[in-house]
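K.L.:
Chains as they are written, first to last, in our numbering: chain D, 11 to 172; chain R, 4 to 278.
Honestly, the hints are just simulated from the structure, not real lab data. Remember, it's a predicted structure, so these values are computed and weren't measured experimentally. Note that CB positions come from ideal geometry on N, CA and C, so glycine has one too. It is possible that some hints are incorrect.
Under 8 Å between C-beta atoms, here's a sample of chain R residues computed to sit facing chain D [unchecked claim]:
#1 His148
#2 Gly163
#3 Leu166
#4 Ser169
The chain contents come next:
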Amino acid sequence: MARVKRSISRSLFEVPVFVALLMCALSPEAPSEAQARGRGGGRNLARGSVHGANVSRDANRNTNVNRNVNVNQNVNVNRNVNVHGGGYYGGPCCGYDRWGHPVATAVAVTATAVAVGTIVASLPPQCTATVVGNVTYQNCGGTYYQPIYQGNTVQYVVVNRP
Amino acid sequence: MFVAKRRFVAVAIGLLLIACTALAWWSFAPRTNRAAGPEIDPKAMAQLSRATNYMRSLPAFSLSADVTQDEVVQDDFKLQRTSQVRIAVRRPDRMRAEVYGDLGNRLFVYDGKTLSVYLEKERYFITQPAPATLKETLDAALEKHALELPLADILYVAMGGELQSSVRDAGEIGSSMIDGTACLHLAFRGAKVDWQLWVQQGTQPLPRKIVITTTDAPTRPQYNARLSWDLSSPIPEDRFQFTPPKGAMPIAAGVLPAEPARDQAPKSKDKPKRD
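Start from the sequences, fold in the hints, and give me the full structure.
P.N.:
Take a look at the structure:
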């Protein structure tokens, strides 16, 4: 009799624990701020128009104008400047510091090249601008950056030598 | 004693279960404060149409605006960015917009053939072919290049666009004074934004204030613009011409590739099966 009681009380204990943990695990998390990003270039800005919200082609769903960028998977990505961590728009992952200043881009060390296709919000120091075929490129220590205007900011895409 | 203790724990866990169930239900359930359901007040819609029609009747206009726009940093801190905007429009194919603000000074010029953008600090400019009307140019810039002109809604509506079809909920709030002018305060809800409009009372129903709240971001950042209009000063033709300043460098407008390295990496699911 005592054994039956104990097993009942055990099930009283275990079943609710299991169900409670399951329900807590199923509770949806708050939507991430990143879900709403994609406006204003790399910055996480409030939407500036009702019409724009209706048209709403968030940046990451768009086709890329820079299709001829050759992504070389073998290039060793310098993690300090790579902005692809959690989506390139918004937040400290994306070339802006915790107060929204563009993070200074590190100059690539000889051993590590910056991967073609890497996007940064600002250039490393000491770059030389050259215009090739009506497009400006910034040569920063042998790495070429192409400025692109998107949303309302300029971002720089690492490209092959033009 | 031991059994009683177990029972107490079981009751506690049971309460936890109920709390978790309630939390889960609350999270999934629609917000109860909207339980009454959206209601489109025809009076608010009529006021919106009145302002829309009035803006469309203007052959040309100039306006200046004080704008604030939240930038979310550190996930939930809303920095308020400030800018001043000056716009001149002549129907159907001339537009000039100047932005002086925290995130850089910009100039946008549309001359009926090309749309040019000049970025003062960076000394970059963009000149690209544009459609024959301002309305088409606005659409093309937004859709192709995610390029949104300042006070885009004003330009869009003035050039024949409409915002009515996106409204899910609308209300007329009441009268309100904006910069010393009596206005009517209107409120609207759409898919990703809630917005408010203050329309000047009287014979010139112009928007004098706009607030747009981004509702698909958890922090609900806001855009706020207060507008002053000039309907009488003539706008010289050279205001609608763009010549790149000396030393300015041409760049492209575009949409950045999204995570190119990952896009091209093969997904584990797509790995070929071994026979």
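K.L.:
Now tell me, hint by hint, if it's right for this structure.
P.N.:
Hints, one by one, checked against the model:
Look at His148 of chain R: its Cβ gets to within about 7 Å of chain D, closer than 8 Å, so that hint holds up. Here the hint on Gly163 of chain R is broken, as its CB sits about 12 Å from the closest CB of chain D, past 8 Å. Annotation: Leu166 of chain R was flagged as interfacial toward chain D, and the flag holds, the nearest CB pair being 5 Å apart, inside 8 Å. Here the hint on Ser169 of chain R is kept, as its CB sits about 5 Å from the closest CB of chain D, short of 8 Å.
Hint 2 from the earlier list is the only one contradicted by this structure; the remaining hints agree with it.
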